[in-house]
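Colleague: Spelled out, the chains give:
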Amino acid sequence: MDYEARGLKAGIEIHQQLNTREKLFCGCPTTLRKFEERTGEFYRYLRATESEMGEIDRAAKEEMKHLRRFTYYAYDTTCLVENDEEPPSPLNPEALEISLTIARMFGMTPIEQVHTMRKLVIDGSNTSGFQRTALVAVRGEIPGGGTIETICLEEEAAQRVQENTFSLDRLGIPLVEITTSPCMHTPEEVARVAGYLGMVLRSTGRVKRGLGTIRQDINISIREGARVEIKGVQELDLIAEVVRREAARQVALLEIRETLRERGAEVPEEPVDVTALFKETRSSILKKAACILAVVLPGFAGLVGREIQPGRRLGSEFADYAKKCGVGGIFHTDELPAYGVTGDEVEEIRRFTKAGPDDCVVLVAASGTKAACAASQVVERAGMALQGVPEETRRMLEGGSTAYMRPLPGAARMYPETDVLPVSIGSDLWEFIELPELLTERAKRYSEELGLDAGVARQIAYSEHVQLFDRAISEGISPGLASRTLLSTMKELSRDGVPVEAIGDGAVIAVMKSVEEGRAAKEAVPGILGSVAGGTPLEDAVAACAPAISAGDLEALIQGIVRDRSEFVAQKGMAALGPLMGVVMAEVRGSVDGKLVSELLRKEIAKACRPD
Amino acid sequence: MTGLSSGDRVVCRYGGVPQEGTYITERDGKAVIKLDTGYNIGVSHTECDLLEKWSPAVPPEVAISQDETLPLLSILSTGGTIASRIDYRTGAVTSQFDAADILRAIPGLSTIARYRTHKLYTILSENMTPGIWQELARAVYNEIDAGAMGVIVTHGTDTMAYSAAAVSFMVESPVPVVFVGSQRSADRPSSDNVMNALCSASAATSPLGEVAVVMHDSTSDDRCAIHRGTRVRKMHTSRRDAFRSIGIPPLGYVEYPSLDVKLSGHAVTRGEKEPGLCDSLEEKCGLVYFHPGMDAGILECYRGYRGLAIAGTGLGHVNTGLIEGLKSLIDEGCVVVMTSQCLHGRVCDRVYDTGRDLLRAGVVEGGDMLPEVALVKLMWVLGNLPDREKATAMMEMNLAGEINRRSLHGL
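If you read the sequences in order, they're chains A and B.
Residue numbers for the first sequence follow this note's numbering, so the first one is 1136 and each next one is one higher.
Residue numbers for the second sequence follow this note's numbering, so the first one is 5 and each next one is one higher.
Don't read these hints as lab results, they were simulated from the structure.
Even glycine gets a Cβ: it sits at the ideal position worked out from N, Cα and C.
You may find that some hints are simply not true.
Computed footprint of chain B on chain A; a stretch qualifies when at least three of its residues, placed anywhere within it, have a C-beta under 8 Å from a C-beta of chain B [unchecked claim]:
(1) 1236 to 1247
(2) 1258 to 1272
Some chain B residues judged to face chain A by a derived CB distance under 7 Å, without partners named [unchecked claim]:
(3) Tyr43
(4) Asn44
(5) Ser194
Starting from the given sequences, assemble the full structure and let the hints guide the process.
Modeller: Printed below as a string of C-alpha cells:
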C-alpha cells in the first residue's frame, strides 16, 4: 500500500512502568504477586457519575450497559489506598523525578505546577472508578523527526484476573505516558520511533523490565478514515504489522461504505422476533435461547462476511458491539448455513423477515433484554458502516489484528483529584536532574573503551544487567568475563531451571573476582553460581567447584605429567600440547582455567624439549 | 494575563505550543488552566491570553416523576453529600441537595418511595452545634407529624453519631429516622453513596421504629448495617464500614442489591411509640478525655458547667490528683458522669480505691454508655430537668437504648 498516498497518520502513546520503591500514591511496594498469594477479596459496583450538563462520558456509558460487579484480590503488599478505602498519599517524589528526567532527555518543558487529575475509567480496573494522572511536561523532540506532545505520570491499573475479577498488586505502580504527535506516516516509521522511545526510557535505568511493563497504544488514521486508538501492543516487533493491518481495515471499511452507498443500503429501526422459528433447531445456542432477534440489513449481503483484516470480518465488528450487552456473539446469513443452522432454516428466516437476496440478516440470541440490547448495538454499528470508519478504542489480537473495545473517550472524563495537592516544579528541581547516558552511547563506549565486540557491547548496554556490568568493570573484572557471565551464563542457568534471581549482585561479582584472582577457573563459573542459587554459601561453592589447586601445585602437577611422558614429549615436541592438555584437565577436573594450563604446559614442554 | 475569571476560554502558550483551555482559578500565584485534553496545569498568568469571556449555559431541567402510589419518605439534608455532579468543563464537583437532583443521581430511589425534601443546612459535620441538633429534631418531628412513613437525614460522617444520639433523646418516633452519609466522595464511581442511600430508603420504609444509622457493613458492596442511634460510633477514618455498633449487635441489615431488610429481635418496631418532641438542651456541658499526667488545672476551665462527661481509663478512672477538683465541680452543682476510653464494656468504680474515691466525690457511673453519648445525654437531661438529684438518677437510667442492663456482646 502507498501509505503516503492514503494519508496515513500515526502517533504513539507509550506506557512504561517505573521501578520505584513505593507506588505512586501509597507506601506499598511495586511488586507483582501470584494470584494464589492473595490475602483477601472484596467486591464493588461502579457507576458513572452525571456531569453538570447531564452528560455521562460516552466511553463510561458504554461500560455501563449492564451493571457489573467487580471482584478484587488484595495482598499483604496492598493497602487501603488500592482498596479505595483511604485518601491517597502525596505524589511519589521518586516517580516525579524519574518522569522529569525522561522529560529532560527529550528536551521538554516541565509544567510549573503539576495537578493530579481523576480520569474516569469504569471497566473495573480501578477500584475508585478513575485513574489518577498528571501532566508533567510538554513539547519535546524526537531525533530524526517528530515531536513528543506530553509526558504524564499516572497510576497503573489493576490487572484483570478474568472477566470482572482484578488483582490489586499492579494498581498504583507509577507509569509514565509519553504521547507523540501524529507525526508518523509509514508502519516502519512507527516501529522505529517506538523503539527509540523505549531505548530512551531504559537508559534511565529506573524503569521496570519484562513483559507487560511497557505497552504501546497506537493512534492511526487514513484520509477519510477516522482516528482509531489501538491499546496494549506489547511486542515491538508487531507494531509495524498492527499499523499495516489497521490501515488495511480502514481502506476495506471505506470500500464497504462505497458499495453500501451504491446499493442504497440502510439500517432498520426495529429488529424482528424470530424465536418461534427455532423451536426445533439443531443449533444448541439458538435452541436454548429465550429470545432470538433478527436484524435485517438491506443491501448488506456479502459485505458482513467480507474480510477487513486477517481473521476479521465486518461481522466481527458487529459481534464486538453486541458483546457489550453480555451476549456471546452473533450469527449472520453471510456465514450461514453453519453452526447447526440449516439451509432450510436460513430460507425460513429470509421468508419470515422478508429479506431479499441483497440483504443480510443478523441474529442475536439471549435473554429478552440482552437480545434487545445486542440487536440495537448491531443496528448502531451497521449504521456506522454507512458512514465509514468509526472512531474507536480497539485492543490488539494475536498476530496484529484488532477488536473493538469502546468508543474513544470524550473530553468529559477528567476532573481534579482534590485529595492530592499540586506540586510546583521549580528550577531547583529541574536543573539538578542528572541526564543518564543513552544506551546507544553506552554501547558505543563499551565497544570503544572496553574493546568489546560491537554486538556484545550493544547486548550488554541494553540488558537488564547493565548496572551490574558497570559495577563489575569498576571492581576490576575483565569486560569479557563480565559480559559472558551476565549475558550467557546467567541465561543458560535460567534456561536450565536454576533460580538465578536468588543470586545476589554481590555474589555474582564475588564469583567473577575469584576467577580473576585465580581461585576458580572460568569454566567453573556456572557450577558455582548454580550452587549459590541453590543456597550454598559463596565460599563453600567456590571451594567445592574448585578444589584448591594453588599456582604452585598446578605447576608441580604439570611438571610431573611432562616428566612421566618425556619420551612422548621428546618425540612430538610442541604437538604434545594438545594431548597433554587433556591429561592435565582430567586431573584437575576442569577447575582450573584452561588458558593458564595451556600456558604452563607450553612452558614445560618447551623446557623439556630444549637441549640441555 | 490577569483579570481572568473562572470559566473563561483562554489560549495558553506554555512550552511554545498554543493550546486552548478554560481558566479555572488562581492557585499559589499560578493560573490553573484546564486544557482541552482534560488536564489541569498551573502556569504563570503571562502564559495565557483571553479568548472569550464565559457565559454560563443553563443546565437542562429534567423533570422527575414520583410514583404517588409509593410510601412517602422525607429527606432532610444537613450538608452531607449524598449526590454530586461534576462540571467536566471546569472540573468542579458540586453537592446536590434538591430532590430532583438527588433522584436523578440515584435513580433507584424513586422505585422505593416518593420523597419530600428539605435542605436544613449545608455545613461540614464538624461544624454542627447543639443548636442545629435542636433544629434537626424539630424538623424530624414535623415530618413525622406530617405523615412521613420514615425520615432520612443525610449527614457528614464525622459527627453523625452525635447527631443521631441527640435526635434519639429529643424525638420519640413511631417511624424509622435513618441517618445516612458516605465515606467516599460522591463524585467517584465507586462511592458508597448510592448503596447507602438505597439501603437507608429501604430501612426507612421497613418495620423499624427508632433512630438509626445505616451505612456499609463491610468493605464490599454486600449489605448495610442498621445501627442504633445511641450505640453507634465511627471507628475508622476512611473505610466504608467505619460505623460500628458498640456493645450490641446491629439492629439489622439491608441486603444489597435486593434491599431486603432483616431486623434483629432487639430492634424497636414501627408504631411502638407515640410521636413526641422534647427539644431542650443544656449547652454548658463538656467531655474530658483523661490522660496520665493530666493537670488538675484543666478542670478549672469547666467551672460553671452544669455537666461533665469523663472518658476515663479502664473501668472508669482518672488519677487521684484530679479527684479533688472534680469534687469541687460537683459541689458547685455540676453533674459528672464517668465513661471509659475502652468504649467496649461497662465502667465500675467500685473495684479499685480510685474508683471508690470518685464515687465518694459524687461522680456518677455511666454504665456502658459511650463517652459522646453520655455528653449528649447530659445536655438533654440537664436541659429538661433542672433538679440535680433527678438529673443524676436519669443519667443512670436507660432512656433511648444508650445503656444496656446486661453486657451481652463482646468486642
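Colleague: Now tell me if each hint is right for this structure.
Modeller: Here is how each hint holds up against the structure:
no.	hint	verdict
1	1236 to 1247	holds (count 4)
2	1258 to 1272	holds (count 8)
3	Tyr43	holds (4 Å)
4	Asn44	holds (4 Å)
5	Ser194	holds (5 Å)
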